[in-house]
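Student: Sequence:
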Amino acid sequence: MHSCPYCGKDCINEEAVNMYLRMVKKFFKYQNKDSEITFERYPTVGEVGECKETGGRIYLCPYCEKPFKAYYKNEEVVINCPHCGKILALPATNRTFC
Numbered sequence: 470m471h472s473c474p475y476c477g478k479d480c481i482n483e484e485a486v487n488m489y490l491r492m493v494k495k496f497f498k499y500q501n502k503d504s505e506i507t508f509e510r511y512p513t514v515g516e517v518g519e520c521k522e523t524g525g526r527i528y529l530c531p532y533c534e535k536p537f538k539a540y541y542k543n544e545e546v547v548i549n550c551p552h553c554g555k556i557l558a559l560p561a562t563n564r565t566f567c
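Under the numbering used here, the final residue of the sequence shown carries the number 567; numbering is consecutive throughout.
FYI, nobody ran anything at the bench for these hints, they're computed from the structure. Fair warning: there could be bad hints in the mix.
Ranges between beta-carbon positions, derived for each pair [what the hints assert, rightly or not]:
(1) CYS553 x ASN501: 29 to 35 Å
(2) GLU509 x ASP479: 21 to 27 Å
(3) LYS495 x GLU522: 32 to 38 Å
(4) GLY477 x VAL547: 14 to 20 Å
(5) GLY554 x PHE496: 16 to 22 Å
(6) GLU505 x ASP479: 36 to 42 Å
(7) ASP479 x ASP503: 39 to 45 Å
(8) ILE556 x LEU490: 15 to 21 Å
(9) LYS498 x CYS533: 26 to 32 Å
(10) PRO551 x GLU522: 17 to 23 Å
(11) TYR540 x ASN482: 16 to 22 Å
(12) LYS538 x ASN487: 31 to 37 Å
No more than 20 Å apart at the CA atoms, straight line, and that leaves these computed lysine to aspartate or glutamate pairs for EDC-like [stated by the list, open to error]:
(13) LYS495 x GLU522
(14) LYS494 x ASP479
(15) LYS535 x GLU516
(16) LYS538 x GLU522
(17) LYS495 x ASP479
(18) LYS538 x GLU483
(19) LYS498 x GLU534
(20) LYS535 x GLU483
(21) LYS494 x GLU534
Positions of the beta carbon are idealized from the N, C-alpha and C atoms, including for glycine.
Could you put together the complete structure from these sequences and hints?
Tutor: This is the structure we're talking about:
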């Protein structure tokens, strides 16, 4: 069981974690490390919950399988996992481009 990176409690949806990890296996099977298209080159970070105390979104890294506080930089489509440092693609949402 994973603990929330904001409050340390059980805010993470473990079903979402399991579904994401099963899904991302297919990405790694077909990953194109030489592609210039971000979403073919890097796996998309998993959104696996929201902190019940702060409302902060929780991301999961597919490499180290550790949760972390969601963050993004305006107009950028990749971030680094704060645990393992691997590059991850952000989900395409309005938060990414605002």
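Student: Each hint needs a verdict: does it hold in this structure or not?
Tutor: Hints versus structure:
At roughly 21 Å, the beta carbons of CYS553 and ASN501 sit outside the given window of 29 to 35 Å. For GLU509 and ASP479, the Cβ-Cβ distance of about 34 Å falls outside the hinted range of 21 to 27 Å, so the restraint is violated. At roughly 34 Å, the beta carbons of LYS495 and GLU522 sit within the given window of 32 to 38 Å. The hinted range of 14 to 20 Å is not satisfied by GLY477 and VAL547, whose Cβ atoms lie roughly 28 Å apart.
At roughly 19 Å, the beta carbons of GLY554 and PHE496 sit within the given window of 16 to 22 Å. Distance hint for GLU505 and ASP479: a CB-CB separation of about 40 Å, consistent with the stated range 36 to 42 Å. At roughly 40 Å, the beta carbons of ASP479 and ASP503 sit within the given window of 39 to 45 Å. The supplied range of 15 to 21 Å is met by ILE556 and LEU490, whose beta-carbon atoms lie about 18 Å from each other.
Distance hint for LYS498 and CYS533: a CB-CB separation of about 19 Å, inconsistent with the stated range 26 to 32 Å. With their beta carbons about 20 Å apart, PRO551 and GLU522 fall inside the hinted range of 17 to 23 Å. Checked against the hint of 16 to 22 Å, the C-beta distance between TYR540 and ASN482 comes to roughly 19 Å, which is consistent with it. For LYS538 and ASN487, the Cβ-Cβ distance of about 21 Å falls outside the hinted range of 31 to 37 Å, so the restraint is violated.
The suggested pairing of LYS495 with GLU522 is violated, with an alpha-carbon distance near 33 Å, which exceeds 20 Å. Between LYS494 and ASP479 the alpha-carbon distance is near 25 Å, which puts this suggested pair outside the 20 Å criterion. The suggested pairing of LYS535 with GLU516 holds, with an alpha-carbon distance near 12 Å, which does not exceed 20 Å. Between LYS538 and GLU522 the CA atoms are separated by roughly 13 Å; this keeps the pair inside 20 Å, and the hint holds.
Using a Cα cut-off of 20 Å, the hinted pair LYS495 and ASP479 is violated, with the two alpha carbons roughly 28 Å apart. Straight-line distance between C-alpha atoms of LYS538 and GLU483 comes to about 16 Å, which keeps the hinted pair within the 20 Å bound. For the proposed pair LYS498 and GLU534, the alpha carbon gap of about 17 Å is at most 20 Å, so the pair holds. Proximity of LYS535 to GLU483 is assessed by CA-CA distance (about 12 Å); at most 20 Å being required, the pair is judged to hold.
In summary, the hint linking LYS494 to GLU534 is supported, as the alpha carbons are separated by about 12 Å, within the 20 Å threshold.
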